[in-house]
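Novice: Each chain, letter by letter, is given below.
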Amino acid sequence: MLGFKKNQKLNLKLEEYLEVAKDTFFTYCNAYEYLLNNSIDEHFSILVEKVSKLESNADDIRREIEFVMYEQSLMPETRGALLNIIEMIDKIPNRAEHSLNLFTIQRIELKNEIKEDAKEMLIISKESFIDTIEATLDCFGKMENIEALNTKIDNNESIGDKLERKMLRTIFSLECDLSEKIIQKEMIVKLAGFCDLCESVMDLIVICSVKRKI
Amino acid sequence: MFSYLQYLGGAFLGWSLGANDSANVFGTAVTSRMVSYRLAIFLTAIFVIIGALLQGEAGIRCYAEDLKAKQNTEGMSKTELTEIKNRAVKAAMIISFAAAVTVTIMTIMKIPVSTSQAAAGSIIGVGMMQDSVNWSKFIKVIICWIGTPIGGAIFTIFFYFLFKWIFKKLKLSVFHYDPIISILLIVCGCYGAYALGANNVANVTGVFVGAGMLTVREASIFGGITIAIGALTYSKPVMMTVGKGIVKLDSFVAFICVLSHAVTVHIFAIIGVPVSTSQAIVGAILGLALIKGGHIVNYKILTKVSLGWIATPFIAALLGATIYFLDHLKYID
Chain Y
1 MLGFKKNQKL
11 NLKLEEYLEV
21 AKDTFFTYCN
31 AYEYLLNNSI
41 DEHFSILVEK
51 VSKLESNADD
61 IRREIEFVMY
71 EQSLMPETRG
81 ALLNIIEMID
91 KIPNRAEHSL
101 NLFTIQRIEL
111 KNEIKEDAKE
121 MLIISKESFI
131 DTIEATLDCF
141 GKMENIEALN
151 TKIDNNESIG
161 DKLERKMLRT
171 IFSLECDLSE
181 KIIQKEMIVK
191 LAGFCDLCES
201 VMDLIVICSV
211 KRKI
Chain B
1 MFSYLQYLGG
11 AFLGWSLGAN
21 DSANVFGTAV
31 TSRMVSYRLA
41 IFLTAIFVII
51 GALLQGEAGI
61 RCYAEDLKAK
71 QNTEGMSKTE
81 LTEIKNRAVK
91 AAMIISFAAA
101 VTVTIMTIMK
111 IPVSTSQAAA
121 GSIIGVGMMQ
131 DSVNWSKFIK
141 VIICWIGTPI
151 GGAIFTIFFY
161 FLFKWIFKKL
171 KLSVFHYDPI
181 ISILLIVCGC
191 YGAYALGANN
201 VANVTGVFVG
211 AGMLTVREAS
221 IFGGITIAIG
231 ALTYSKPVMM
241 TVGKGIVKLD
251 SFVAFICVLS
261 HAVTVHIFAI
271 IGVPVSTSQA
281 IVGAILGLAL
291 IKGGHIVNYK
301 ILTKVSLGWI
311 ATPFIAALLG
321 ATIYFLDHLK
331 YID
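Protein chains in written order, with the working numbering: chain Y, 1 to 214; chain B, 1 to 333.
Calculated directly from the structure, the hints in this document are not laboratory data.
All residues carry an ideal CB built from backbone N, CA and C; glycine is no exception.
Be aware that one or more of the hints could be misleading.
As the list claims (entries may be wrong) - In the DSS-like style, the derived pairs of lysine-lysine whose C-alpha atoms are separated by at most 30 Å in a straight line are:
#1 Y:Lys213 - B:Lys164
#2 B:Lys171 - Y:Lys5
#3 Y:Lys119 - Y:Lys53
#4 Y:Lys213 - Y:Lys142
#5 B:Lys90 - B:Lys330
#6 B:Lys168 - Y:Lys6
#7 Y:Lys152 - B:Lys168
#8 Y:Lys5 - B:Lys292
#9 Y:Lys13 - B:Lys171
#10 Y:Lys190 - Y:Lys111
#11 Y:Lys22 - Y:Lys152
#12 Y:Lys115 - Y:Lys91
#13 Y:Lys53 - Y:Lys6
#14 Y:Lys9 - B:Lys164
#15 Y:Lys152 - Y:Lys119
#16 B:Lys169 - Y:Lys9
#17 Y:Lys152 - Y:Lys142
#18 B:Lys171 - Y:Lys22
#19 Y:Lys111 - Y:Lys50
#20 B:Lys171 - Y:Lys213
#21 Y:Lys142 - B:Lys168
#22 Y:Lys152 - B:Lys330
#23 Y:Lys142 - B:Lys292
#24 Y:Lys152 - B:Lys169
#25 B:Lys292 - Y:Lys211
#26 Y:Lys211 - B:Lys168
#27 Y:Lys162 - Y:Lys185
#28 Y:Lys211 - B:Lys236
#29 Y:Lys115 - Y:Lys22
#30 B:Lys90 - Y:Lys5
#31 Y:Lys6 - B:Lys171
#32 Y:Lys211 - B:Lys171
Said to hold, decoys possible - Some chain B residues well away from chain Y (every beta-carbon gap over 12 Å; in silico):
#33 Gln6
#34 Lys110
#35 Ile146
#36 Gly147
#37 Met240
Assemble the whole structure, with the sequences as input and the hints as a guide.
Specialist: Encoded structure:
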């Protein structure tokens with residue numbers, strides 16, 4: 001009745017999308033961790049394939065959400081905010097898929113000297129992404145935890161930046177080819193980018209929540 | 001043929017009122033894209049007619065009795081009475097036409113104005129020519145003109161904090177909040193249209209009842225329909241000024257402004273004083289500026305609207321007096 005049903009459908013789709021996005025990122029983290037402990041093998045390829053399928057699934061759901069929104073559910077101002085947030089979140093599964101593809105295609109293996117920091121970065125990124133999903137649901141829900149989640153994501157982003165700089169310094173202090181250093185740098189930047197993306201999503205969420213506050 | 005022409009001024013005034021004042025009802029909702037323009041004007045037309053039919057009587061009677069009171073007909077012959085009636089009919093036509101022209105000019109200039117001011121202005125213009133202006137009544141009308149925007153602002157402040165408190169308590173998700181606000185906007189818009197019909201129909205047809213040309217019932221139907229036609233055909237330009245020009249509104253404050261303006265106008269309709277919906281909605285928007293700070297107000301547009309308010313009665317009075325003067329010109333050999 002009067003948009004309630006459409007909005008219910010939209011709400012379920014949003015939850016479904018966030019769940020798939022989370023699965024994509026967690027599978028990416030598992031694949032990355034596997035690669036840090038092992039090498040590019042069949043199991044890693046299976047995980048890469050899984051991330052690719054999940055990412056494609058997330059894209060399909062995102063398009064469905066857009067379609068439902070254009071059917072006039074929600075108010076225009078909310079529609080715009082939701083669309084921006086989802087598009088920003090969608091960059092995370094995309095980056096995850098792209099990063100794993102680079103490992104597979106270019107047969108890259110991270111240097112042992114940065115592996116521990118990379119593991120730590122994975123943990124921080126995972127934490128930030130969970131908080132981002134929670135904040136997204138909270139932003140369109142009761143808006144109770146946005147401030148606390150914003151602080152957490154902001155802190156994680158700072159830690160991520162420090163780790164990124166540390167890893168880059170380590171790589172460029174190693175005795176190896178410059179080309180190898182540049183490839184390693186690219187992978188570090190890609191990994192550190194997740195915390196930045198979570199922060200960008202959170203910025204949009206904060207703006208949206210401020211607008212939603214009466 | 002003349003009998004139909006007599007009502008042309010009223011129909012014109014009703015149309016211009018509908019075109020100018022119906023913008024106040026759904027203007028904020030349409031410009032904040034909560035309600036489509038087509039749905040808005042359709043609902044406005046229906047509820048204006050309902051309001052005029054159900055509650056327009058009080059205002060029409062107030063208007064008509066005031067006009068009748070000016071005409072002391074005791075002890076007059078039948079010829080004298082007919083003469084007085086003819087003069088009253090002519091005056092009614094001039095008053096309606098002058099007010100309608102004034103409101104139409106303002107509508108073309110996209111300025112929300114008061115039809116009550118235009119009607120009162122033209123009555124004074126014609127009254128001055130007839131040397132029969134009731135200045136004590138006019139002061140009361142001016143008090144109402146000042147009271148309307150103040151009422152709109154006070155109700156905005158009251159409803160803003162009331163509904164803010166309610167929505168905070170409810171803690172609704174956006175998936176419930178959005179459709180609820182949309183429904184509230186439509187319901188309040190319909191209520192505003194109802195109040196517009198109930199209150200402002202007197203501006204359109206009160207003079208005809210006073211002149212004995214229409215019964216109160218006929219006046220309600222005639223006025224309601226002409227206002228509805230105005231809303232359906234030419235309400236968009238002023239709607240954009242009201243909704244976007246003065247303050248950019250989000251859905252919640254749009255709802256508060258529509259509700260405040262509707263309550264203000266409805267109260268005056270119950271009392272039986274025709275007031276301006278334009279003044280009520282602008283007052284409501286300024287009430288919002290008091291809450292959120294003056295920086296949200298577009299002072300350029302506000303000045304234009306205020307000047308429109310000041311100019312309206314003077315233009316209408318001048319037009320009324322000029323038309324009356326031209327009508328009474330006689331060729332002398």
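Novice: If a hint holds in the structure, say so; if it doesn't, say that too.
Specialist: Verification of the supplied hints:
For a cut-off of 30 Å, the pair hint linking Lys213 (chain Y) to Lys164 (chain B) stands: about 9 Å separates their Cα positions. Taking the CA atoms of Lys171 (chain B) and Lys5 (chain Y), the gap is near 19 Å; set against the 30 Å cutoff, the hint holds. Between Lys119 (chain Y) and Lys53 (chain Y), the direct Cα distance comes to roughly 24 Å. Compliance with the 30 Å bound is thereby established for this hinted pair. For the hint pairing Lys213 (chain Y) with Lys142 (chain Y), the CA-to-CA distance comes to about 11 Å; that is within 30 Å, so the pair holds.
Taken as a hint, the Lys90 (chain B) and Lys330 (chain B) pair is honoured in the structure, with Cα atoms around 16 Å apart against an allowance of 30 Å. At roughly 24 Å between alpha-carbon atoms, Lys168 (chain B) and Lys6 (chain Y) fall within 30 Å of each other, so this suggested pair holds. Taking the CA atoms of Lys152 (chain Y) and Lys168 (chain B), the gap is about 25 Å. The hint holds against a cut of 30 Å. For the given pair, Lys5 (chain Y) sits about 34 Å from Lys292 (chain B) by alpha-carbon distance, which is inconsistent with the 30 Å threshold.
For a cut-off of 30 Å, the pair hint linking Lys13 (chain Y) to Lys171 (chain B) stands: about 21 Å separates their Cα positions. Between Lys190 (chain Y) and Lys111 (chain Y), the direct Cα distance comes to roughly 15 Å. Compliance with the 30 Å bound is thereby established for this hinted pair. Of the supplied pair hints, the one linking Lys22 (chain Y) and Lys152 (chain Y) holds, its CA atoms being roughly 18 Å apart against a limit of 30 Å. Restraint check for Lys115 (chain Y) and Lys91 (chain Y): satisfied, since their Cα atoms lie roughly 24 Å apart, inside the 30 Å limit.
Pair hint Lys53 (chain Y) plus Lys6 (chain Y) holds up; C-alpha atoms about 28 Å apart against a cutoff of 30 Å. Distance restraint check for Lys9 (chain Y) and Lys164 (chain B): the Cα-Cα separation of roughly 27 Å lies within the 30 Å cut-off, and the hinted pair is therefore satisfied. Using a Cα cut-off of 30 Å, the hinted pair Lys152 (chain Y) and Lys119 (chain Y) holds, with the two alpha carbons roughly 19 Å apart. A C-alpha spacing of about 25 Å is found between Lys169 (chain B) and Lys9 (chain Y), which places the hinted pair at or below 30 Å, so the restraint holds.
At most 30 Å may separate the alpha-carbon atoms for a hinted pair to count; Lys152 (chain Y) and Lys142 (chain Y) meet this at roughly 19 Å. For the suggested pair Lys171 (chain B) and Lys22 (chain Y), the alpha carbons sit about 26 Å apart, so the restraint of at most 30 Å is met. For the given pair, Lys111 (chain Y) sits about 25 Å from Lys50 (chain Y) by alpha-carbon distance, which is consistent with the 30 Å threshold. In summary, the hint linking Lys171 (chain B) to Lys213 (chain Y) is supported, as the alpha carbons are separated by about 11 Å, within the 30 Å threshold.
Restraint check for Lys142 (chain Y) and Lys168 (chain B): the C-alpha separation of about 9 Å stays at or below 30 Å, so the hint holds. Of the pairs offered as hints, the one joining Lys152 (chain Y) and Lys330 (chain B) is violated, with about 88 Å between alpha carbons and a cut-off of 30 Å exceeded. As the CA atoms of Lys142 (chain Y) and Lys292 (chain B) are separated by approximately 23 Å, the hinted pair is consistent with the 30 Å bound. Restraint check for Lys152 (chain Y) and Lys169 (chain B): the C-alpha separation of about 27 Å stays at or below 30 Å, so the hint holds.
The straight-line distance between the Cα atoms of Lys292 (chain B) and Lys211 (chain Y) is roughly 13 Å, inside the 30 Å bound, and the hint therefore holds. With a C-alpha separation of about 14 Å, the suggested pair Lys211 (chain Y) and Lys168 (chain B) falls inside the 30 Å cut-off, and the hint holds. In summary, the hint linking Lys162 (chain Y) to Lys185 (chain Y) is supported, as the alpha carbons are separated by about 15 Å, within the 30 Å threshold. For the suggested pair Lys211 (chain Y) and Lys236 (chain B), the alpha carbons sit about 27 Å apart, so the restraint of at most 30 Å is met.
At most 30 Å may separate the alpha-carbon atoms for a hinted pair to count; Lys115 (chain Y) and Lys22 (chain Y) meet this at roughly 23 Å. This hinted pair does not check out: Lys90 (chain B) and Lys5 (chain Y) have alpha carbons roughly 58 Å apart, beyond 30 Å. For the given pair, Lys6 (chain Y) sits about 20 Å from Lys171 (chain B) by alpha-carbon distance, which is consistent with the 30 Å threshold. Annotation: proposed proximity of Lys211 (chain Y) to Lys171 (chain B) holds, straight-line Cα distance about 15 Å (limit 30 Å).
Non-interface call for Gln6 (chain B) relative to chain Y: holds, since the shortest CB-CB distance, roughly 45 Å, exceeds 12 Å. Look at Lys110 (chain B): its CB is around 23 Å from the nearest CB on chain Y, clear of 12 Å, so calling it non-interface holds up. Here Ile146 (chain B) stays apart from chain Y, with its beta-carbon at least about 30 Å from theirs, past the 12 Å limit. Remark: the non-interface label on Gly147 (chain B) is consistent with the geometry, its nearest Cβ contact in chain Y lying 28 Å away (cut-off 12 Å).
Residue placement check: Met240 (chain B) keeps its beta carbon more than 12 Å from all beta carbons of chain Y (closest about 16 Å).
Hint compliance for this structure: hints 8, 22 and 30 are not met, and every other hint is.
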